[in-house]
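There are 2 protein chains.
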Amino acid sequence: MPVTESMFLVAETRDQPMHVGGLQLFAPREGQTAEALADEFSERFHAATDIAPMFLKRPATPAQVAGYTAWTEDDDVDFDYHIRHIILPRPGEIKDLLRYVSQNHGALLDRRRPMWEIHIIEGLKDGRVALYSKVHHSVVDGVTALRLLQRSLSTDPADRSGTAFWDMELVRRRRRRHAANKTDRSWLDRVTGAASAVVDTAGQVVGMAPAAARVATAGVFDKDYVAPLQMAPSTILNQSIGSARRFAAQDWPVERLRAVARYQHMTINDVIIAMCAGALRSYLTDQGGLPDESLIAMVPVSLHSEGDSDGNAVTAMSVRMATDLESPAERVAAIKASTAGAKNVIRGLKPLQSLALGAATIWPLAFATVPGFVEYTPRGFNLIISNVPGPETPLYWNGARLDGCYPVSIPMEGLAMNITVTTIGGKAGFGIIGARAQLPSLQRILVHLETALSELEDLPPAS
Amino acid sequence: MPVTESMFLVAETRDQPMHVGGLQLFAPREGQTAEALADEFSERFHAATDIAPMFLKRPATPAQVAGYTAWTEDDDVDFDYHIRHIILPRPGEIKDLLRYVSQNHGALLDRRRPMWEIHIIEGLKDGRVALYSKVHHSVVDGVTALRLLQRSLSTDPADRSGTAFWDMELVRRRRRRHAANKTDRSWLDRVTGAASAVVDTAGQVVGMAPAAARVATAGVFDKDYVAPLQMAPSTILNQSIGSARRFAAQDWPVERLRAVARYQHMTINDVIIAMCAGALRSYLTDQGGLPDESLIAMVPVSLHSEGDSDGNAVTAMSVRMATDLESPAERVAAIKASTAGAKNVIRGLKPLQSLALGAATIWPLAFATVPGFVEYTPRGFNLIISNVPGPETPLYWNGARLDGCYPVSIPMEGLAMNITVTTIGGKAGFGIIGARAQLPSLQRILVHLETALSELEDLPPAS
Numbered sequence: 500m501p502v503t504e505s506m507f508l509v510a511e512t513r514d515q516p517m518h519v520g521g522l523q524l525f526a527p528r529e530g531q532t533a534e535a536l537a538d539e540f541s542e543r544f545h546a547a548t549d550i551a552p553m554f555l556k557r558p559a560t561p562a563q564v565a566g567y568t569a570w571t572e573d574d575d576v577d578f579d580y581h582i583r584h585i586i587l588p589r590p591g592e593i594k595d596l597l598r599y600v601s602q603n604h605g606a607l608l609d610r611r612r613p614m615w616e617i618h619i620i621e622g623l624k625d626g627r628v629a630l631y632s633k634v635h636h637s638v639v640d641g642v643t644a645l646r647l648l649q650r651s652l653s654t655d656p657a658d659r660s661g662t663a664f665w666d667m668e669l670v671r672r673r674r675r676r677h678a679a680n681k682t683d684r685s686w687l688d689r690v691t692g693a694a695s696a697v698v699d700t701a702g703q704v705v706g707m708a709p710a711a712a713r714v715a716t717a718g719v720f721d722k723d724y725v726a727p728l729q730m731a732p733s734t735i736l737n738q739s740i741g742s743a744r745r746f747a748a749q750d751w752p753v754e755r756l757r758a759v760a761r762y763q764h765m766t767i768n769d770v771i772i773a774m775c776a777g778a779l780r781s782y783l784t785d786q787g788g789l790p791d792e793s794l795i796a797m798v799p800v801s802l803h804s805e806g807d808s809d810g811n812a813v814t815a816m817s818v819r820m821a822t823d824l825e826s827p828a829e830r831v832a833a834i835k836a837s838t839a840g841a842k843n844v845i846r847g848l849k850p851l852q853s854l855a856l857g858a859a860t861i862w863p864l865a866f867a868t869v870p871g872f873v874e875y876t877p878r879g880f881n882l883i884i885s886n887v888p889g890p891e892t893p894l895y896w897n898g899a900r901l902d903g904c905y906p907v908s909i910p911m912e913g914l915a916m917n918i919t920v921t922t923i924g925g926k927a928g929f930g931i932i933g934a935r936a937q938l939p940s941l942q943r944i945l946v947h948l949e950t951a952l953s954e955l956e957d958l959p960p961a962s
Numbered sequence: 500m501p502v503t504e505s506m507f508l509v510a511e512t513r514d515q516p517m518h519v520g521g522l523q524l525f526a527p528r529e530g531q532t533a534e535a536l537a538d539e540f541s542e543r544f545h546a547a548t549d550i551a552p553m554f555l556k557r558p559a560t561p562a563q564v565a566g567y568t569a570w571t572e573d574d575d576v577d578f579d580y581h582i583r584h585i586i587l588p589r590p591g592e593i594k595d596l597l598r599y600v601s602q603n604h605g606a607l608l609d610r611r612r613p614m615w616e617i618h619i620i621e622g623l624k625d626g627r628v629a630l631y632s633k634v635h636h637s638v639v640d641g642v643t644a645l646r647l648l649q650r651s652l653s654t655d656p657a658d659r660s661g662t663a664f665w666d667m668e669l670v671r672r673r674r675r676r677h678a679a680n681k682t683d684r685s686w687l688d689r690v691t692g693a694a695s696a697v698v699d700t701a702g703q704v705v706g707m708a709p710a711a712a713r714v715a716t717a718g719v720f721d722k723d724y725v726a727p728l729q730m731a732p733s734t735i736l737n738q739s740i741g742s743a744r745r746f747a748a749q750d751w752p753v754e755r756l757r758a759v760a761r762y763q764h765m766t767i768n769d770v771i772i773a774m775c776a777g778a779l780r781s782y783l784t785d786q787g788g789l790p791d792e793s794l795i796a797m798v799p800v801s802l803h804s805e806g807d808s809d810g811n812a813v814t815a816m817s818v819r820m821a822t823d824l825e826s827p828a829e830r831v832a833a834i835k836a837s838t839a840g841a842k843n844v845i846r847g848l849k850p851l852q853s854l855a856l857g858a859a860t861i862w863p864l865a866f867a868t869v870p871g872f873v874e875y876t877p878r879g880f881n882l883i884i885s886n887v888p889g890p891e892t893p894l895y896w897n898g899a900r901l902d903g904c905y906p907v908s909i910p911m912e913g914l915a916m917n918i919t920v921t922t923i924g925g926k927a928g929f930g931i932i933g934a935r936a937q938l939p940s941l942q943r944i945l946v947h948l949e950t951a952l953s954e955l956e957d958l959p960p961a962s
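Line order of the protein sequences matches chains H and D. With my numbering applied, the first sequence covers 500 to 962. With my numbering applied, the second sequence covers 500 to 962.
Keep in mind the hints are simulated off the structure, nothing from the lab.
Repeated chains share a single entry, so a pair holds when one copy, or any two copies, can fit it.
Below, a list of computed lysine to aspartate or glutamate pairs in the EDC-like style, where the Cα atoms sit at most 20 Å apart: (1) 624 / 534; (2) 926 / 754; (3) 624 / 538; (4) 594 / 579; (5) 594 / 949; (6) 594 / 538; (7) 594 / 577; (8) 594 / 625; (9) 556 / 572; (10) 594 / 542; (11) 926 / 949.
Just chain H, same shape as in the assembly (with noise of 0.2 Å):
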């Protein structure tokens, strides 16, 4: 087993659970009901019983104490345990799933088994069914998993081939498809390339936590590095956690933020960024904890450039977040100057050196799992901001539309907040991922987000 799948299962603690997750709206086909949905789901779930191998394996040796050297895998899966089917209870609203959601993510997997769960979940009064999605950080080698998850999807509404994501058959769909056209990359990785690049960028730079310090050395000796460390202001979002999560999530339409994108003269990155500016600003206010220096954020960028195969050339860069502006139009120019700043030093940077220093700039993250360490040590940054983008066109499993999609991401000890956000089908979708009981009211992040997307909406156009 590399070291860059053990060092997750090292990391894991009770109070750290080293999974992923993904949080899916499906809208039910015409004339199908949302029970008759989450039904074929089930059954065509339980008929996949072809399973690829990274969905098989678990480690050797599950107890915390023995090393990790070796994965080991399972002839077949107990779909009984990794296949959950609820139904919410009345009023069945989206505060009902995310609940639902947030008991879920802060249990940890079992390592006696093939280390991934997925919960189907029925319920919502608005027609609509959910799948939620559990994986291993150490069980997900890169961007496979995510594409696995994609390729069970579909751009035509008409297909009725959807499977789990698991089943074999899409590996072997997918061979034949290379088979046939070797040149010619297929559609689904036309379109989701790039996005499964950045998708892995989160994984990869949250993964390399542990090697940081060696890397970092590296860094400081060569020359063209230029160093990123700051200090990063002592705020709740820093604390020790406990294991209970509290998860928000909520859609805003592409085309606003593009908008806002367009009139600033910024990107729809760094828009995200100010919509979590504002909102961080506002809710560290209503908890009588806004830190007199601007909170940094750290932002895994994907260093993938046309036509490179690989996908794991990725960084991360430190954003100056501005929280400590009251007027959203000088948050605006200074955020843009901190990214705008970050991406030229990546730009001068050959790969090996951008590695470096998204290295550096999380090593703090290196010895995350201490007990009490985060509470003394000083950070480079407040929490991780990851915006995935995919594909504009629709897409579908067994004519069942996706109409929503938000990233469940890591709390860690001293990062006790996580927000991804996925860009879909037109809809963005932020995933906000807290420690329960060390970020109350979490929820109302939300409310705040929508206020900033409007206060953005409000500026002056940039000059």
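Please arrange chain D on chain H, whose structure you already have, making use of the hints.
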């Protein structure tokens, strides 16, 4: 924090969660829907914000590495986290309910908050509503939590004062009754007193484990002491376990067990052991692992005597289950001899000596958290079987009749299965909890229990 509480925190690992559970089924009152009853539970529970201190406390130092030296109390409880409400998917059979309990019983409780949860479960096609509760063993000080649970029920079907088991009002009601009539015990204490003492047994005896070696040493040098140590055979029940669970539960009419007891001149407790012996013999044969020698069960026994207000005088007896004998008649004779012999030993001992006996019987538990230990060490018994007799009178919550009550106990390293039986309102509810990966097809035990009981019923009366 006394060691009798902290040891449950110290002994806990991700593979060996130390919480106990209870599954209760309620039949809605005349004219009430399951939906209305579930909502009534939810409303009353959410309204019970005056919380008894034990349901507010949590370890002051939650990290596993720290010593557990103190409890601290939270000011309030985040009901959105502790109270969960779900609906089972169709068809809503009992097996769907058991699957839900199985999936949830393996998840650790968060130590950063009061360590309990309650799940309100709808969707059973038989129209009943289930409550599944989970409380950490370090939090329930012996019998108190179970007494509170029973105190939230009434013998009067017209009583509409039903509330949550954590409601301080229950404590106050009881104090008022005691103040009004100091010499007369309340109806509930009269009804449940003896039962509670035996309930306590299970907790206390398991609880003794880490101190066992010490007590056992004292016992060995006491010349009145009769050492019960015997070697139990090696079986699949005695493996190192994972965190995933499998729960099976079913009722039998107490009258059937009582008839067998009467005809065979044995106790109800002996009948339960004989049923388990027959069922385990069949189960282990199915699994290809029936040992040549008999399984040994550890059976908690109450030393509670009339007029004794202290419910904590408990011990355990080691019972030869005679699983090596094919003939049900021979098994019954061997079990009767084994329990009669064990009881004679206990009767001749003073309470402290009995405690030492119980401790010696279970001493290998003291080492159960050392990884791999269980695979290589001799053991004194194969599983714990507890019988918790409750009141014969029907009990109600706001007019909804308690229609089934199944304990969900704790599998441990080397003790992959636990059987706990509770008799209440004329039904004997068997709760069988096992480590999921280690005990496949656990639910087959239910069929085997019925077969075993039928075989006992077919025996000629004892002379």
